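Asker: Residue numbers for the sequence shown follow our numbering, beginning at 1 and rising by one.
Calculated directly from the structure, the hints in this document are not laboratory data. Source: prediction; values computed, not measured. A few of these clues could be false.
Claimed, not checked - If you anchor each label on the Cβ, the simulated ranges turn out as follows:
1) Ala-14 with Arg-67: 20 to 28 Å
2) Glu-39 with Ser-13: 27 to 35 Å
3) Pro-45 with Ser-13: 23 to 31 Å
4) Asn-72 with Ala-99: 16 to 24 Å
5) Trp-98 with Glu-76: 33 to 41 Å
Where a beta carbon is used, it is the ideal one built from N, C-alpha and C, also for glycine.
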Amino acid sequence: MASGKEADCPLTSAADILGRKWSFVIVGHLTGGDKRFSELEAEIPGISSKVLSSNLKSLQGEGIVERSVETNSPIEVRYSLTEKGRDLEPLIGEVERWASEWDV
Numbered sequence: 001m002a003s004g005k006e007a008d009c010p011l012t013s014a015a016d017i018l019g020r021k022w023s024f025v026i027v028g029h030l031t032g033g034d035k036r037f038s039e040l041e042a043e044i045p046g047i048s049s050k051v052l053s054s055n056l057k058s059l060q061g062e063g064i065v066e067r068s069v070e071t072n073s074p075i076e077v078r079y080s081l082t083e084k085g086r087d088l089e090p091l092i093g094e095v096e097r098w099a100s101e102w103d104v
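Could you put the whole structure together from the sequences, leaning on the hints where they help?
Answerer: Structure below.
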């Protein structure tokens, strides 16, 4: 996390969380609803299992993603956005719109 004057800037704090490689992409993929780890891994080309796992844990720690375990047979682990994470949906939509408009 930021320290000193940086800690007082909400934009810096948000960039610290969402600016981590893959974090914004993971949140974007979860806006459509909860997903299993393997679904996220398949939907995000270029991300390794280790990096996906690490980012999901970080996003859980920030209160943006929650992990739920269903004790079916076999056990199923699903990831979804928390209320805090769902609050990012308009931002994700605007970034997607901007990227499409400007061909980035």
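Asker: Run every hint past the structure and note whether it holds.
Answerer: Against the structure, the hints:
1. Ala-14 with Arg-67: 20 to 28 Å: Once the Cβ atoms are compared, 22 Å apart, the range 20 to 28 Å for Arg-67 and Ala-14 holds.
2. Glu-39 with Ser-13: 27 to 35 Å: holds (29 Å)
3. Pro-45 with Ser-13: 23 to 31 Å: The hint (23 to 31 Å, Cβ to Cβ) holds, given that Pro-45 and Ser-13 are roughly 29 Å apart.
4. Asn-72 with Ala-99: 16 to 24 Å: violated (37 Å)
5. Trp-98 with Glu-76: 33 to 41 Å: holds (35 Å)
When each numbered hint is compared with the structure, a violation occurs for hint 4 only.
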